[in-house]
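Novice: Here's the letter readout for the chains.
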Amino acid sequence: MSKLSYVGIDLGSTTTKSVVIDDDLNILGRGITNSRSNYDLACQIARTEALVDAQMSRLRSTLADHRVLADHVKILAPSVERSFRYRQHIRLFDALDRECMAIAEGKPDLTAVLADLLAEMREETEKLFSGLSAMEKRKSEFFRDIAGAQFQRLAEHRANPKTMPYETIVGVFDRAIIKVENEGDDLTFEGNALEALDRSLSQYKANDAVRAAAAEMLEGLLADPPHIGCSVGTGYGRARLPFPKNQIRSEILCHGLGAHQMFPGTRTVLDIGGQDTKGIQVDDQGIVTSFQMNDRCAAGCGRYLGYIADEMNLGVHELGPLALKATRHVRISSTCTVFAGAELRERLSLGEKREDILGGLHRAIILRAMSILARSGGVDEEFTFTGGVAHNPAAVRALRDLIGENYGKRTINISPDSIYMGALGAAIFAKRETDAGRAERGVGSQSEARA
Amino acid sequence: MKEDLREIPKEPSMVLQKDMIGDYFDRLATAPEDGKKVVYTFVPGNLTELLHNFDVMPVLPEINALQSGMRKRSGNYISEAEKLGHSEDVCTYVKSDIGMLKTGVGPTGKRIPPPDLLLLSYTGCFTFMKWFELLKQQFPKSEVAMLHIPYQADGVVTPEMRGYVIDQLETEVIPKLEKVTGTKYDEDKLRQHLELSAKAEEGLVAVLDSAKNRPSPIDGYFGGVFYIGPIFTAFRGTQQGVEYYDVLRKEVEERVAKKQGPITPIGQLNDQRYRIVTEGPPNWTSFREFWSMFANEGAVCVASTYTKVGGLYDQGFRHDPGDPLGTLADYCLGCYTNLNLPMRSKLIAKYVKEFEADGFICNSIKSCNSFSAGQLLILREVERLTGKPGGFIESDLVDPRYFSAANIKNRLESYFQMLEQKRSGKGSAPKEASL
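Sequences listed follow chains A and B, in order.
For the first sequence, the numbering used here gives the first residue as 1060, with consecutive numbering after it.
For the second sequence, the numbering used here gives the first residue as 4, with consecutive numbering after it.
Be aware that a few hints might be false.
[Stated by the list, open to error] Cut-off 30 Å, straight-line C-alpha distance, at most; resulting in silico cross-link-like pairs (DSSO-like, lysine-lysine):
(1) B/261 / B/349
(2) A/1412 / A/1384
(3) B/261 / A/1304
(4) B/75 / B/113
(5) B/182 / B/192
(6) A/1304 / B/13
(7) A/1304 / B/215
(8) B/144 / B/215
(9) B/215 / B/113
(10) B/13 / B/253
(11) B/144 / A/1304
(12) B/39 / B/86
(13) B/13 / B/412
(14) A/1221 / A/1238
(15) B/262 / A/1304
[Stated by the list, open to error] Chain A is faced by these chain B residues, among others (derived, beta-carbon under 8 Å):
(16) 129
(17) 132
(18) 155
(19) 321
(20) 357
(21) 361
(22) 376
(23) 379
(24) 407
(25) 410
(26) 414
(27) 417
(28) 420
(29) 424
Please keep in mind that the hints were generated in silico from the structure rather than gathered at the bench.
Ideal placement from N, C-alpha and C gives every residue a C-beta, glycine not left out.
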């Protein structure tokens, strides 16, 4: 990897995304994490994740082309990746374990319950990363979500309203996770790859020849890390990045450019993010010509779906599939995030079905987006939907319906990378800054990325 | 980058104006004791020369509201008005004024006397009528005079429209002023005031036109609201007003000679990367923060429509001592607030061209139904006429709850970066139409 790579970081209100690209603008790696209260750390983790992803891709292709290891690639490649994720997870789990026990210090009953609970969690974690199917079953990739769900479930089994209330046990997790998330850990490829490979080779019961070849291959990768030209930041938290002004871009420009890169015919972009919705018009170079966004009210944005999911005790990703089962449209007048719960409960009390309410909710969200699109100049011939909500099939169906009703036949693009579109645009800007000789050395460059 | 904005020096003319306004509010506070009559009236279509003719003191409710906004008092006043039953959607100038009048104290902390006359000059804003109905309820003893200015719906002023306004001046406004003051209308005295107005107007136009220089020595929007201060308030038609514009003009000419930009909340803005035209009033509660969002990006506002709500002097209008009542009618009919949407769009497009602007920005006001309506149409039309991109932000006049700094900053930064991206040569512009 002697050629330069470029990093884009999108610090959103809910998640922080990062993308690494090469000189030919191919995506090498993607990283995502929850934005939490510490934007700096979220940025560092997302970028680390993107670089890990890029290195994992290289590892897979190197394995596939290796004269000795190629025969083992089908098992070894996913196994190393699983071991690597396990390593990352267990590092954070160790930190969580330490924090929980520190918080419970001096309270023998609580300490006993926690020790037992955390031991069971540790066992479960081993299983969680034991095979591909188990990985796929996880509802979220974020440590906070995985560990949180586990902890709550195991706490329920151990809670006793009189002697050890559930809230007391879970309260320990809530305090500990903030510290764990905000202190960070070494989750880099360089810091964990060797141990991950060891674990996989042991599980695989590899012979000495395979072991030696694998170790040599990994050393080669580690000796030639990505050379980052520069990083560009975007998203709501961009002002927090320690980058010079020319390495910070508005997410409106980044989503426009990212969408153009993926689908060069794009002329209109809709981005529904965590707290805002943007209608963007771009020209044939991906340059923004006009845009509109919601004002200070975040009604109908991604966060709204998050609240709805919480109210219904579902994961955000489960909302869309359930909404697709709707048999009738319930008309939802308000997409106010604050009143989301109230509206939902009212509909349920009127006897409406959950899927029908969700169907109506998704249509209401897209109706609001349609208004913003109209204000930005309408929907042109080729249209791209970006942001996290583009992964929601019910939102996509409502959008297709409403675009058809209002504008007629249009090409509608949705990339599996839609959530990374802003980060992709930022990465392209990073390449342009480097090409123009404006990227400041040491800032957002390789040395800083490793720090 | 947090800095103490109070340490940034002010332009000498700003200091002079502050003294003038402070002194005026002092005099206003003791007007009843000093035997002076007080008239409440609005900035667009104000008849200040006629009021001076009768030696009465004007009080401008929307100026009080914006002053309350800048002094961080409007939030409480609005809450007071909402307690009285005014809804969230009502114009916040009105609510701030209603809340302020309940306290009896004006924006400078001095007493505001009750009106002897409510002189409603109606120029395009429907809310003005409702506002004065409320004031009449609050001050039932006050006389009321209504001057109805026909809207330029077709974009022209006909002789009939002009005659209709003159007739109202003669049969409604002047008799009411005579009744309230016990003084006879003196046309020669009015001519003298009009002559002073025209002199001050020359000064103001020279200042506003100076923004055609590079760098622009003024900010024609944020700085502009200070420049229009005296001429939009009690000082039009006075010697004090003429002197203010002499000082201001000299100050601006010095900056032109030295190739200096205006003083902004972040310091003197010499490095001007973007030249912008603005439509809509500024936000007053976060005025300096709002201005800084422009200045930090190197954006200078070279022209604005807001600075024309009290008169389109830059388009050639001057008060004419030779035709006292006719000129007052022409003035009222030609106010920016009295123009229809196509006229507003053409005026903005003209500014974009004449001031060689890179683009234009609409600040849409949440609680102003009269003037925010149609701004998206204006945006598209000006883009079509000029080929320059428009930006759109939303805030409010004086309700601090409606200023979302993060959202506005995000939009402004995106807009300026869009301009930069286009400038870098790869961008395409909408096709330019002829004006």
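Novice: Each hint: holds or not?
Specialist: Comparing the hints with the structure gives:
no., hint, in the structure
1, B/261 / B/349, "violated (33 Å)"
2, A/1412 / A/1384, "holds (10 Å)"
3, B/261 / A/1304, "holds (29 Å)"
4, B/75 / B/113, "holds (16 Å)"
5, B/182 / B/192, "holds (18 Å)"
6, A/1304 / B/13, "holds (28 Å)"
7, A/1304 / B/215, "holds (28 Å)"
8, B/144 / B/215, "violated (49 Å)"
9, B/215 / B/113, "violated (40 Å)"
10, B/13 / B/253, "holds (15 Å)"
11, B/144 / A/1304, "violated (60 Å)"
12, B/39 / B/86, "violated (33 Å)"
13, B/13 / B/412, "holds (24 Å)"
14, A/1221 / A/1238, "holds (29 Å)"
15, B/262 / A/1304, "holds (26 Å)"
16, 129, "violated (23 Å)"
17, 132, "violated (28 Å)"
18, 155, "violated (27 Å)"
19, 321, "violated (39 Å)"
20, 357, "violated (23 Å)"
21, 361, "violated (14 Å)"
22, 376, "violated (14 Å)"
23, 379, "holds (6 Å)"
24, 407, "holds (3 Å)"
25, 410, "holds (5 Å)"
26, 414, "holds (7 Å)"
27, 417, "holds (4 Å)"
28, 420, "holds (5 Å)"
29, 424, "holds (5 Å)"
Taken one by one, the earlier hints fail for this structure at numbers 1, 8, 9, 11, 12, 16, 17, 18, 19, 20, 21 and 22, listed in ascending order.
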